[in-house]
Amino acid sequence: MTAMKMRIGICEDDPFTLATLDASLVAKEVEVVFAETSAPNALEKFSELTPHAVLIDLHLGSGPTGLDLAKSLRGISPSVGLVFLTSFESPRLLDRNFEELPAGSQYLNKQELASVDQILHALQNSVSKNRKSTFVESSDVAGLTNRQLEVLEMIANGKSNQQIAKQLALSAKAVEGISLRIAKRLGTKNDQSGNQRIQMAKAYLRSIGRFDN
Amino acid sequence: MTIDSKAGLSSFQDLISKLGSQSFLSPKFLAVLVVPSAFIFSVTLGEVDTANDYWFWVVANLFSISVIALIVFVIKVLWIRFAENFIFPLLSVVAISASLGAFKGWLTAIAVIELSSGRLLLSGTSENLIGGSIAGLVGFISASAATYLFSRFKKERNLLVTARVFDQLNQKNSLEQKQLVALKQRIVEFIEKLRDDEKLAPGMELSFIRQLVDETIRPLAGSMFSQIESRYSSFALRELFVKAIKSPPSAVLLASVYLLALPSQIAFAGFWLGIFNCLSVSVVVFVIAKVVGWVFGDESFIGFGLVIGLSTLAGVVLNAWQGVVNVEGGFIWAAIISVLFLFANSSIVFSMAKIAYNEARANRAEITELREELQINSLALLAKQRREIANQLHGEVQSRLMSLVIKEEAGAKIDKQLAINELSQIANLLDSAPKSSKSLAESIDDTIAKWRGFAEVEVVGLDQAPESPVVAEIIDEAVYNAFRHGRANRVIISFQSNQLVIADNGIGPTNGSPGIGTQVLNSETKDWKLLPGEDGGSELRIAL
Numbered sequence: 442m443t444a445m446k447m448r449i450g451i452c453e454d455d456p457f458t459l460a461t462l463d464a465s466l467v468a469k470e471v472e473v474v475f476a477e478t479s480a481p482n483a484l485e486k487f488s489e490l491t492p493h494a495v496l497i498d499l500h501l502g503s504g505p506t507g508l509d510l511a512k513s514l515r516g517i518s519p520s521v522g523l524v525f526l527t528s529f530e531s532p533r534l535l536d537r538n539f540e541e542l543p544a545g546s547q548y549l550n551k552q553e554l555a556s557v558d559q560i561l562h563a564l565q566n567s568v569s570k571n572r573k574s575t576f577v578e579s580s581d582v583a584g585l586t587n588r589q590l591e592v593l594e595m596i597a598n599g600k601s602n603q604q605i606a607k608q609l610a611l612s613a614k615a616v617e618g619i620s621l622r623i624a625k626r627l628g629t630k631n632d633q634s635g636n637q638r639i640q641m642a643k644a645y646l647r648s649i650g651r652f653d654n
Numbered sequence: 003m004t005i006d007s008k009a010g011l012s013s014f015q016d017l018i019s020k021l022g023s024q025s026f027l028s029p030k031f032l033a034v035l036v037v038p039s040a041f042i043f044s045v046t047l048g049e050v051d052t053a054n055d056y057w058f059w060v061v062a063n064l065f066s067i068s069v070i071a072l073i074v075f076v077i078k079v080l081w082i083r084f085a086e087n088f089i090f091p092l093l094s095v096v097a098i099s100a101s102l103g104a105f106k107g108w109l110t111a112i113a114v115i116e117l118s119s120g121r122l123l124l125s126g127t128s129e130n131l132i133g134g135s136i137a138g139l140v141g142f143i144s145a146s147a148a149t150y151l152f153s154r155f156k157k158e159r160n161l162l163v164t165a166r167v168f169d170q171l172n173q174k175n176s177l178e179q180k181q182l183v184a185l186k187q188r189i190v191e192f193i194e195k196l197r198d199d200e201k202l203a204p205g206m207e208l209s210f211i212r213q214l215v216d217e218t219i220r221p222l223a224g225s226m227f228s229q230i231e232s233r234y235s236s237f238a239l240r241e242l243f244v245k246a247i248k249s250p251p252s253a254v255l256l257a258s259v260y261l262l263a264l265p266s267q268i269a270f271a272g273f274w275l276g277i278f279n280c281l282s283v284s285v286v287v288f289v290i291a292k293v294v295g296w297v298f299g300d301e302s303f304i305g306f307g308l309v310i311g312l313s314t315l316a317g318v319v320l321n322a323w324q325g326v327v328n329v330e331g332g333f334i335w336a337a338i339i340s341v342l343f344l345f346a347n348s349s350i351v352f353s354m355a356k357i358a359y360n361e362a363r364a365n366r367a368e369i370t371e372l373r374e375e376l377q378i379n380s381l382a383l384l385a386k387q388r389r390e391i392a393n394q395l396h397g398e399v400q401s402r403l404m405s406l407v408i409k410e411e412a413g414a415k416i417d418k419q420l421a422i423n424e425l426s427q428i429a430n431l432l433d434s435a436p437k438s439s440k441s442l443a444e445s446i447d448d449t450i451a452k453w454r455g456f457a458e459v460e461v462v463g464l465d466q467a468p469e470s471p472v473v474a475e476i477i478d479e480a481v482y483n484a485f486r487h488g489r490a491n492r493v494i495i496s497f498q499s500n501q502l503v504i505a506d507n508g509i510g511p512t513n514g515s516p517g518i519g520t521q522v523l524n525s526e527t528k529d530w531k532l533l534p535g536e537d538g539g540s541e542l543r544i545a546l
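Chains A and B, in that order, are what the protein sequence lines are.
Everything in the first sequence is counted per our numbering, starting at 442 for the first residue and increasing by one.
Everything in the second sequence is counted per our numbering, starting at 3 for the first residue and increasing by one.
Do not rely on the hints blindly, as some may be mistaken.
To be verified - Sample of chain B residues facing chain A (criterion: CB under 10 Å; computed from the structure):
1. I143
2. R402
3. G455
4. Y482
5. H487
Hints in this document: simulated from the structure, not taken from any laboratory.
Built from N, CA and C at the ideal position, the CB exists for glycine as well.
Please put together the full structure from these sequences, using the hints given.
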């Protein structure tokens, strides 16, 4: 780290997490030039204040996602460092059409975060000359096809095969087949360890950070 | 759930007009009213000179009742399956009830003849046809009236429960609104103090903020998050039952119940004497119920017992005197028990129906009153509004204030000016607390703001737009889809005569699976199309 203070921006839709991140980074001698809860505000502040790096939550409510924001930021400044802080095991769980993360961006899972230093380290990495993307697709759920992901999401939302079939304009038999393949992929078994559908829902919720064991 | 309901239970005419609705031919009340009475009279009147064994009558009755029940069941299933909203005209209700009764009378007589090895036990089945049709009329029509009254009562009661909860929530809400105003007032006063008073002790800002959060904001947000617990029970059949056995039964209804015995009376005592027997018992029962009602008033368990006891006694004595009931052996007891059961059973059902009717009317009056007091009529809307304010208090307001405290603890220096800035912003936030409901224009503005910098949204002809939360939802969803699936960065929403056109500059319609957007569309209107746009992109056309 040079003598110059690192200037960063934060975009996180939960105000409390935002305030905590802001405060803890300020305490680590980082200059936080903006801390915003929505993508449009962050974009606006970014063009004005041009920080070295931006810490972004992937999920930002019902509008643009953190990925949309990241792409726009790189469009303005190709050298900006990007750090994603998220509870999603894979960006595909947020956007099924996701292709790849912007080059060199850092991916931090909220559940695996142990200290502020990890965030600091990621921010420093994101702006270093030979930056490398830290994202490795490892989630079981992320290995599913788009259709399988879609069906799994509906199962986790409590929909029956019949309801899913109706909504996706498929036959109930096709949905049953898809759900069997999902179960095989995820390795959930229909035995004493519990209802298979619930196991599948749990696997999904775990991967988006909504469920602990 | 809204508490606005136009349906009301206003009069006897209303009841008559609803006799042919789904409450008609209710299998439940067929079991409660028609089955026991038919069964009972087979026991009472079996051992008379024409039939050697009353068990013939029991079996014959069971057989004919099963056939009738099957017919009723089939009608009901077809009705619900194919024409749920169909209402039988009053005349057909009368005709169907009478024919079902007549058919049952005829079937019972035939069955008895069969069972007693072909010996003709009755003077003829034409008497059974006439008696049965009158019994059917009384049984089916009173059963469907009772069923209808119960269902009305249930609806009114649920409506009342909602209205009461709504009323409570409304009162709680206006109190919280006052607290919000007071909170803002405190903040504004403190800002003034920070500005004016040079000698304010250092750190005062933060201790004020801590106090504000701990003593005001947290409890207020907590109170807004909490729901109203309903202390009012909804429909309770048991409650009606207890009330019913505590009041003397209606004289008219109880007297008419004995007409259910008409087929047996005619069969055993002959046509004219049978009618005479039945009518004389009915008249005596009517007089007894009237007199007891006068003496004991509306609420009396003794009155109930006395009416049933005296009516049973009168019925059995009159029948014995006419020779319809055999006084010898145990049959007199069978007669007493069965007639007692008939009166008790039907008087409870009728009283319950009557109480349901009265309560439903009283409930309706309270509902009307509550509805006039309440400003908005959607419980969901009020609850949503409170949740939004609570979220804002708990989330944004509290977090922003606490972030000052956290920063200070983390070693950053908080000066007076920063505190003033932050507090002023909080005061502004409280001003813009979510309003009761957003107009279409406000909702569209929210959508535009949400996508600012990502997708440019333009609105044309908003003055022609219908004011509807659904339209706002459709637009929000359409912009999302245009950006996410259509990869558009420009969306034009135009309201034209009777249609809404949403055009974008994206990649055009893809064959993706239908999402939430189309679900909203399909639930509101089937009349929509997604087409390729004239200059590329796609165009969503929705009929309004």
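Taking the earlier hints as the rules, which of them does this structure contradict? Violated hint: only 1; rest satisfied.
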